[in-house]
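Participant: First to last, the sequence lines map onto chains A and B. Counting in the UniProt record's numbering, the first sequence runs from 1 upward without gaps. Counting in the UniProt record's numbering, the second sequence runs from 1 upward without gaps.
What the hints contain is simulated information worked out from the structure, not anything from laboratory work. Warning: the hint list may mix true and false statements.
Note that identical chains are pooled: a pair holds if it fits in a single copy or bridges any two copies.
Stated by the list, open to error - With a straight-line cut-off of 30 Å between C-alpha atoms, the simulated DSS-like cross-links for lysine-lysine are:
{"hint": "1", "residue 1": "K221", "residue 2": "K64"}
{"hint": "2", "residue 1": "K24", "residue 2": "K64"}
{"hint": "3", "residue 1": "K217", "residue 2": "K24"}
{"hint": "4", "residue 1": "K64", "residue 2": "K84"}
Computed from a prediction, not measured in an experiment: that's the story for all the values here.
Each chain is listed here by its residues.
There are 2 protein chains.
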Amino acid sequence: MIHAMNTDPHSDPLFELGQIIGPKYVLTGADAAPWARDWTGIAEWSPLAVLRPANTAEVAAVLKLANRHRLSIVPVSGNTNLVKGTSAEGALMLSLDRMSAIREIRPEARIAIVEAGVIIANLHGATGEHDLIFPLTFGARGSAMIGGALSTNAGGSNVVRYGNTRDLCLGLEVVLPSGEVMNLMSELHKDNSGYDLRHLMIGAEGTLGIITAAVLKLAPKPRAYATAMVAVPSVNAALALLNRLQDETGGAVEAFEYMPRSFIEAYLERFPEARPPFDTSHEVNILVELGARSPRDTTPGPDGSVPLAAHFEGVLAELFENGTLLDAVVAQNSAQRAEIWARREASAQVLRMRSPVIDNDIAVATDRMQTLLERIEARSTAIDPGILNTGVAHLGDGNLHYAGFPSVSDPALHRAIQRAVEEEVIALGGSFSAEHGIGLSKRPAMALHKDKAALGVMRAIKTALDPNNIMNPGKLLPDA
Amino acid sequence: MIHAMNTDPHSDPLFELGQIIGPKYVLTGADAAPWARDWTGIAEWSPLAVLRPANTAEVAAVLKLANRHRLSIVPVSGNTNLVKGTSAEGALMLSLDRMSAIREIRPEARIAIVEAGVIIANLHGATGEHDLIFPLTFGARGSAMIGGALSTNAGGSNVVRYGNTRDLCLGLEVVLPSGEVMNLMSELHKDNSGYDLRHLMIGAEGTLGIITAAVLKLAPKPRAYATAMVAVPSVNAALALLNRLQDETGGAVEAFEYMPRSFIEAYLERFPEARPPFDTSHEVNILVELGARSPRDTTPGPDGSVPLAAHFEGVLAELFENGTLLDAVVAQNSAQRAEIWARREASAQVLRMRSPVIDNDIAVATDRMQTLLERIEARSTAIDPGILNTGVAHLGDGNLHYAGFPSVSDPALHRAIQRAVEEEVIALGGSFSAEHGIGLSKRPAMALHKDKAALGVMRAIKTALDPNNIMNPGKLLPDA
Chain A
1 MIHAMNTDPH SDPLFELGQI IGPKYVLTGA DAAPWARDWT GIAEWSPLAV LRPANTAEVA
61 AVLKLANRHR LSIVPVSGNT NLVKGTSAEG ALMLSLDRMS AIREIRPEAR IAIVEAGVII
121 ANLHGATGEH DLIFPLTFGA RGSAMIGGAL STNAGGSNVV RYGNTRDLCL GLEVVLPSGE
181 VMNLMSELHK DNSGYDLRHL MIGAEGTLGI ITAAVLKLAP KPRAYATAMV AVPSVNAALA
241 LLNRLQDETG GAVEAFEYMP RSFIEAYLER FPEARPPFDT SHEVNILVEL GARSPRDTTP
301 GPDGSVPLAA HFEGVLAELF ENGTLLDAVV AQNSAQRAEI WARREASAQV LRMRSPVIDN
361 DIAVATDRMQ TLLERIEARS TAIDPGILNT GVAHLGDGNL HYAGFPSVSD PALHRAIQRA
421 VEEEVIALGG SFSAEHGIGL SKRPAMALHK DKAALGVMRA IKTALDPNNI MNPGKLLPDA
Chain B
1 MIHAMNTDPH SDPLFELGQI IGPKYVLTGA DAAPWARDWT GIAEWSPLAV LRPANTAEVA
61 AVLKLANRHR LSIVPVSGNT NLVKGTSAEG ALMLSLDRMS AIREIRPEAR IAIVEAGVII
121 ANLHGATGEH DLIFPLTFGA RGSAMIGGAL STNAGGSNVV RYGNTRDLCL GLEVVLPSGE
181 VMNLMSELHK DNSGYDLRHL MIGAEGTLGI ITAAVLKLAP KPRAYATAMV AVPSVNAALA
241 LLNRLQDETG GAVEAFEYMP RSFIEAYLER FPEARPPFDT SHEVNILVEL GARSPRDTTP
301 GPDGSVPLAA HFEGVLAELF ENGTLLDAVV AQNSAQRAEI WARREASAQV LRMRSPVIDN
361 DIAVATDRMQ TLLERIEARS TAIDPGILNT GVAHLGDGNL HYAGFPSVSD PALHRAIQRA
421 VEEEVIALGG SFSAEHGIGL SKRPAMALHK DKAALGVMRA IKTALDPNNI MNPGKLLPDA
């Protein structure tokens, strides 16, 4: 029996979307499954569809249609975020993965012009051919894309020298919630022409529009690296070492990463084939990397020694003599350098190797990190004496990735520990959200700790730019 | 005869303002005169009154009152801006000059916490005691204040190494148009907690609120400077020199300032007692300054030479040999360094020594500066064959301060030249506003050249945050 169709296919949004971007780029059901979960595998959702537009004009048309039908849009690029920022129950996920062109690299001006779907590691490869670097780097660089890095203002391991993603961006192209295309693709180092909408869009987590292209700053590739694992008596001693090295080298520290004994032990448990950094185990282990920029740093002296490396080893030897350095292993080649980095870059797996885990991405001024660690230990063990506290820190910029493995399975107790950690961060003038962003996971902390006037301004801006609340609704901003 | 008063003094806004900040800090008439004109003396206005609040709470109360009475507020700090950004006909000028405390300098964390009324030179003095610098510097530093520098995202001579004012700011306190106080006084290098309202307020020229305090980044004071005037055959040759020096020194260039022959001649005309930089005059004169950060740059070698200076002079000698350097004078002491800088810092006077002047604060990518200069010469002389073109440029960051002295007094012709210059800047992907901001003067250019979608977003934000349009009305945004 044949039924008369009582719906016009042209009023079906998915049909219309197929008209805009091509039906094969409107994915549903099993085709959409790779986007229907986050990187940790813990969070899952059922998107209405996944859209894979080819260019900015298609993105613009999709947003116009979404406004007309009041459909929610969740932008996604590499989908490596850790705060459920791409969760999309019933929403249209808009993937930037097909917009992956590196449009231009201009070595003289030290800029790259890229589309949002460029994978960060691919940009590293392309800039390397010009002896330049795009300095942003973190564990997920092999799948994370520029668009997501910009939308979340990603940080990583080299912030101490190069800043966060926003510091590496000169210009942006953004599709506004209305579907208008905003061209802010400035290549300039000075451009005071009205409100800085670039910085407003960077870190907005896709709630104010979709970043489709960017002008990025490049830096000269260091002529050589000096990389070491060192052990010192305390976190404050590590900071003294950092300041000493910055002073001695004219600011050549590229990375300064803290790993406590508990992290090294967890790493060796998770990767039994791996080697410990030292013969003896130490409480405070630091990965330090220097990058040489001047030929005076790398031109071998009469004795054949490389000035930066010799200087570095000289400082370490002096500190070893006076007891402020307990141990040190300096990489002698790139394989040893890679082994040192592998330990640090396994942290995303190591800190999630047990469940449940209380994890926090927090920041304090560097001179308050030791106090923070002491207070976290005190507060968390007061709540759960059997808790195992660990973590890693980008000590050079004050960012701690805390992980606590509680001894009992009790969500209320876990929340209490989470809350206690955040309270100590706030008491020390720190932030409950350093580099991973807010997404869904941090909205309660945002509601509790963010300045109320600032929240009011954010809500006013969101309402002004996205009156139908189609862009990544329910993320970043807590309910009023 | 005694008249009955038929106005209640308590409904007089100036009386109420006196109640808030003290009557003696509500200035009118002759007392207000120092604020009733801009630095150039060309623009004048009659403010309703000048208010000099003592603290943030008073600023907040003033803004609440201004909203109630729908009074316009024009914030002012050093009043050194060049785009009529503080013109205040009939408005309340709110001067931050009494809020001048340097609250704290934390050398270990390399931050300064200051109120908006701190004069930049005073902060230089205070940070110098800790062997640190606040790197922002420009000619008006002896009267310009931090609040104005932040509100306009001031640039200056050291942007090539340290960035603009926004790059030197970690946190802000802002009184919103509503009178609410927004606390964004973060001391952190990573703080992804919602929209970046700090960067929205920086450069908003007081149209979205009043910046009352800030957390600023400090940098280590260079161990030594190497400063020189050099002459090269062309602007492109100057750029090649810049890139060579950056490469040779690992990025130690602090300033790289271009002065054409016409500027040197105008300077010697304006300051007859001054000396020319070279015995012979040259078309392309460059002030270059390097800052040494590492002890390896400054520890004298066996022959007593300072490595950075020796290296610098070695590069210059090599370029002189191969003909890409025409002349060079290296400062041998701080008096010679001061003489070299005095020439550059006189530019604000030199470029305004004749009237009328067509002046423009514009930017292009550094690799397009020579083309821009050639096109300006061609376009302007086509309109006025007798025009004298001059200017100075922060060549290291692509910012040109163009000045044209037309041969005839004809406002329509002047506007045509102004327009032609801007057209060439835009055609080269540049900006009609580099570091001085928009104020009143650049609103026509803003209307003509700024991306329309961006203007729409700016207007939506302005309306959302300042619905009564009390904050510096008529500045920055062109009419819709």
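Participant: Compare the structure with each hint and give your call.
Facilitator: Results of checking the hints against the structure:
{"no.": "1", "hint": "K221 with K64", "verdict": "neither (42 Å within a copy, 52 Å between copies)"}
{"no.": "2", "hint": "K24 with K64", "verdict": "within (20 Å within a copy, 56 Å between copies)"}
{"no.": "3", "hint": "K217 with K24", "verdict": "neither (35 Å within a copy, 51 Å between copies)"}
{"no.": "4", "hint": "K64 with K84", "verdict": "within (25 Å within a copy, 40 Å between copies)"}
Hints 1 and 3 from the earlier list are contradicted by this structure; the remaining hints agree with it.
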